[in-house]
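Enquirer: As given, the protein sequences belong to chains X and H, one line each in that order. Here the first sequence stands for residues 1 to 117, where the numbers follow my numbering. Here the second sequence stands for residues 1 to 113, where the numbers follow my numbering.
Everything labelled a hint here was simulated from the structure, so no lab data went into it. Hints may be right or wrong, so weigh each one.
As the list claims (entries may be wrong) - Straight-line alpha carbon distances no greater than 20 Å define the calculated SDA-like cross-link-like pairs of lysine to any residue that follow:
1) Lys-100(H) with Leu-46(X)
2) Lys-55(X) with Lys-100(H)
3) Lys-56(H) with Gly-83(H)
4) Lys-42(H) with Lys-55(X)
5) Lys-68(H) with Lys-112(H)
6) Lys-42(H) with Lys-64(X)
7) Lys-64(X) with Lys-100(H)
8) Lys-100(H) with Gln-29(X)
9) Lys-100(H) with Ile-12(X)
10) Lys-37(H) with Gly-97(X)
In this text, all values refer to a predicted model and were calculated from it rather than measured experimentally.
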Amino acid sequence: GAVVSQHPSWVICKSGTSVKIECRSLDFQATTMFWYRQFPKQSLMLMATSNEGSKATYEQGVEKDKFLINHASLTLSTLTVTSAHPEDSSFYICSAGGNPLAGSPLHFGNGTRLTVT
Amino acid sequence: GESVGLHLPTLSVQEGDNSIINCAYSNSASDYFIWYKQESGKGPQFIIDIRSNMDKRQGQRVTVLLNKTVKHLSLQIAATQPGDSAVYFCAENINNQGGKLIFGQGTELSVKP
Chain X
1 GAVVSQHPSW VICKSGTSVK IECRSLDFQA TTMFWYRQFP KQSLMLMATS NEGSKATYEQ
61 GVEKDKFLIN HASLTLSTLT VTSAHPEDSS FYICSAGGNP LAGSPLHFGN GTRLTVT
Chain H
1 GESVGLHLPT LSVQEGDNSI INCAYSNSAS DYFIWYKQES GKGPQFIIDI RSNMDKRQGQ
61 RVTVLLNKTV KHLSLQIAAT QPGDSAVYFC AENINNQGGK LIFGQGTELS VKP
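Given the sequences, and given the hints that come with them, work out the whole structure.
Expert: Structure representation (structure tokens):
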């Protein structure tokens, strides 16, 4: 079945550096992908909607210059955490898929654990 | 509203018992609901969904109940097994916004053998 793949699964970086996380739809095309952040023992919080060929839509309180999203193809969205700080350490998860109400299910990646030292 | 800064409630059950996990949602315009299971270090895994024009839906060992009057959703797991131990989240889709989901607080289910 359809699968969403995230890379890397974990990354450790130094404070002040930037980190790129990839989200790929492996056997389907996704014009829209979603990025979530999850802190330990907490729920998933929607960060932004990634739109193929256009600008991402960010949720309130999410800094677009801090979390750069690029969706240059129908199978790949990237999230770049710029000038990362320890408070950016989190579990980042993407989802892709069609409209669940239309019978096209959503698929989630297995997440990327970011640790900023 | 969105779930922010809350720590997970926990539910501990004996293997073989039934589990009931509850979720309160906030937006009356939500038209589609999904239950997800998340194991440690992994992404959410689809369990069962329900549309707002239904009040009950059954799957294999799982049942979802929807009460729109009080904006409440529940997940019932029959004959709970150790492999069911995980965190369970409800998620709502508002106004048919495609794959955009708002997740609930989550409940950590622990199954004792």
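Enquirer: Run every hint past the structure and note whether it holds.
Expert: To see whether the hints hold, each was checked on the structure:
With a C-alpha separation of about 8 Å, the suggested pair Lys-100(H) and Leu-46(X) falls inside the 20 Å cut-off, and the hint holds. Annotation: proposed proximity of Lys-55(X) to Lys-100(H) holds, straight-line Cα distance about 16 Å (limit 20 Å). Proposed proximity of Lys-56(H) and Gly-83(H) is contradicted: the alpha carbons are some 24 Å apart, above 20 Å. Under the criterion of a C-alpha separation no larger than 20 Å, the hint pairing Lys-42(H) with Lys-55(X) is inconsistent with the structure, at around 28 Å.
Between Lys-68(H) and Lys-112(H) the CA atoms are separated by roughly 33 Å; this puts the pair beyond 20 Å, and the hint is violated. A threshold of 20 Å between alpha carbons decides the hint, and for Lys-42(H) with Lys-64(X) the separation of about 26 Å lies outside it, so the pair is violated. The hinted pair formed by Lys-64(X) and Lys-100(H) meets the criterion: a straight-line CA distance of about 18 Å does not exceed 20 Å. Using a Cα cut-off of 20 Å, the hinted pair Lys-100(H) and Gln-29(X) holds, with the two alpha carbons roughly 17 Å apart.
Taking the CA atoms of Lys-100(H) and Ile-12(X), the gap is near 29 Å; set against the 20 Å cutoff, the hint is violated. About 18 Å separates the Cα atoms of Lys-37(H) and Gly-97(X), which keeps this hinted pair within 20 Å; it holds.
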